[in-house]
Amino acid sequence: MRLSLFITCYNDALFPQTGKAVVRVLERLGHTVEFRPAQTCCGQMHWNTGYLRESLPILRHFVHVFADAETIVVPSSSCVAMMRDHYTKAAQMDNDPALAREVELLLPRVFEFSELLVRRLRVEDVGARFTHKVAYHPSCHSARSLHLDEIPLHLLRRVRGLDLVPLANSQECCGFGGTFAIKNADVSSAMLADKVRCVLNSGTEVLTAVDNSCLMHIHGSLHRQRTHVRAVHLAEILACSEDESALAADQHFTFASSELPR
Amino acid sequence: MKRETQPGQQNQHWNRRDFPEAARQALAAQPAADSPFEHSQTRRNVRHATDVIQAKRNAVTAELHEWQALRRAGAAIRAHTLEHLDHYLLEFEANYTRRGGRVHWASDAAEARRLVLEILAPHAPREVIKVKTMTSEEIGLNACLEDHGIRPIETDLAELIVQLGHDRPSHFVAPALHISRGQVRDLFARAMRQPNLTDSPDDLVAAARGYLRQKFLTTPVAISGANFLLADTGGVCIVESEGNGRMCLTLPDVLISIVGIEKVLPRFQDLEVFLQTLPRSATGERMNPYNSIWSGTPTGDGPREFHVILLDNGRSPILADEESRQTLRCIRCAACLNACPVYHQTGGHAYESVYAGPIGAILTPQLHSMHAAQSLPYASSLCGACYEVCPVEINIPEVLIHLRSQVVQQQQSTLTGSLGLWNLAMQSAAFLMRDSHRLPAAVHLAQRLQSALVSRNGFIEWLPGPLSGWTKTRDLPALPAESFRDWWQRTRSANSPSSPGAHPNPESSTEQRHD
Ligand code: SF4
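Taken in sequence, the protein lines are chains E and H. Numbering-wise, the first sequence is residues 411 to 672 according to this note's numbering. Numbering-wise, the second sequence is residues 10 to 524 according to this note's numbering.
Don't read these hints as lab results, they were simulated from the structure. Computed from a prediction, not measured in an experiment: that's the story for all the values here. Ideal placement from N, C-alpha and C gives every residue a C-beta, glycine not left out. The hints are all genuine.
The following label-pair restraints were derived from C-beta to C-beta distances:
#1 H:Gln459 to E:Gly613: 28 to 38 Å
#2 E:Glu652 to H:Arg190: 54 to 64 Å
#3 H:Ala450 to E:Ala578: 43 to 53 Å
#4 H:Arg295 to E:Leu574: 30 to 40 Å
On the chain E side, residues computed to face chain H include the following (Cβ under 8 Å):
#5 Cys419
#6 Trp457
#7 Asn458
#8 Thr459
#9 Leu462
#10 Ile468
#11 Asn594
#12 Ala595
#13 Val597
#14 Met601
#15 Ser631
#16 His633
Please model the complete structure; the sequences and the hints are all you need to start from.
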């Protein structure tokens, strides 16, 4: 299948290793991945902060860039949630029936990465090997908006050598919430402290999720506290295969480039 | 009649601090001057109590296989009612009046307070007993009564605790949820002059009962709210757990119920949905121990005068706004508070509002015009836990975003707002993000400029201005030298410039095919 990667703006700049991992997994499964360099952002930050008018040209650009893409894969559940939950309303708000029609045609072709694997490509075993303790954090949008439910866990259970450990209160928000983490920094930090306590109590070595935004937030505290728990996007775990030497060569595979997966 | 309290005055004390500031103080557990309970134990109390209610709620909703259907039915009934609110309110008035009650219409808090005083005047009571009522909090009734020499006595156990402690409710189903049993003991021992009181639940309840029974038997007037008004029967429905409410509703001669106009239901039969969803959502009970429905004033039974004050107080404009009308579906179960991770941290007082938690964050700014509560729509991480539990499917995150957009528009309409840091930052970001050349250029610039901020460990540990809120507790990864886009450009696009990446990476294995 021909898959068009929407990397998302913050993954592009901050977590290129996640994009590389997505490409690696999908190509290993025999698919063709394309990347449209004209892509920018889905408009989520502006929309969620109340800058609806400002987010319109951004989402219009997204729709324009991907209008003729066959299937779009996004390694971020919150960006997919932005599209599914708000694009239709945004098009109506803009009083643009043509845009509304394009959105309607586009949305069924947009998939979050793990959702694409399990629901669209019908694969759970992607041939990965990762010999670490891993805890899964179901990010709010992946759980409550996309209803991914057990999908990421199905994928993780098929990874060779992986020891999946339970995370207490896993469904509770980590306190990121985009600009919330800045505007309400104290509450956000208190929420994060609860989350980090659960992560540390789980005894895991690696925390994973389908959103780098939440992982960056949680890891921000783990790193500040000088713990050795790492945060790794699900795609990066799935990209690890028997031949892991290739990964070691990749300087930016994990958040802390000096600590590479075994 | 004595001096009337100024309109709006009653609400003023709720809007003193912005949410981030009030939340910071709640988290830092600094004692607030006006509350004896605002110390470090508060957070533990709130967390413990909400966890207990949440667990019960989850258990009794999971056992109903038709739970989602009940939520949908509840949402549909409430939405339909709001579409035809004028019709159902008039129907209620006609049926209720026919049975001997009297309906009064109050457009705002001041009018509602004046109506209460007018109804009370001929009876000249020195005390009135009250059943827990949020509308009374909303109109600032207690302060108004005290100004007129009438002592309001709360009979709901939790409200009584709050009243005796000169505190404020922090949760509209469990108003004293932030107060522990030991703290209640100290309070009762002082207020009821029982220095030897223990903190066993039996002793505390017995003390409260002794205090309240006396009041029930001797006070001629009661003031209540209501959970539902029934249009087809002219009934007023109140559900509760203690039975104190029922005493208030049956023993006095005069009963005044202050009810928001949105509380009407078309038919008695609609209770079949809400008497299942409300108790399960509110207290985790399958049914409330006391479900009371009053219609009119039959001879020889109950109050001889029964007044309903229908309170608008800012509801009509919400009704007119299609986007946020769903706010008025609320049946005040407080499930969204118990589920909210922000409320867990801050408790109710930080919202500086009668209605706390997620519903407060959308209701308060709408009831008291947006200027009064600009920070509340931002008091949420948009995690969606509230929407997930709401028994009438109010999409609270959606309404929050709608209200945020109104805040932004208000700010942009002023010079200081449009030149403010946030607006400038968001405008510049939008300028970059809508263009395929500007965004990568900005990333390149940031890659070069960040070096001053990046520590030797590769992380950013300090940021200036408002961004310092992040780095106070969290490190931020530095931008890697090469973005994904540039990596792709470097490694892939040379092979096939017209369609980058059209060919699978020759290095990658293709051991599995799942086309
Ligand atoms: S918004 Fe929904 S969950 Fe919150 S109090 Fe109202 S009905 Fe209950």
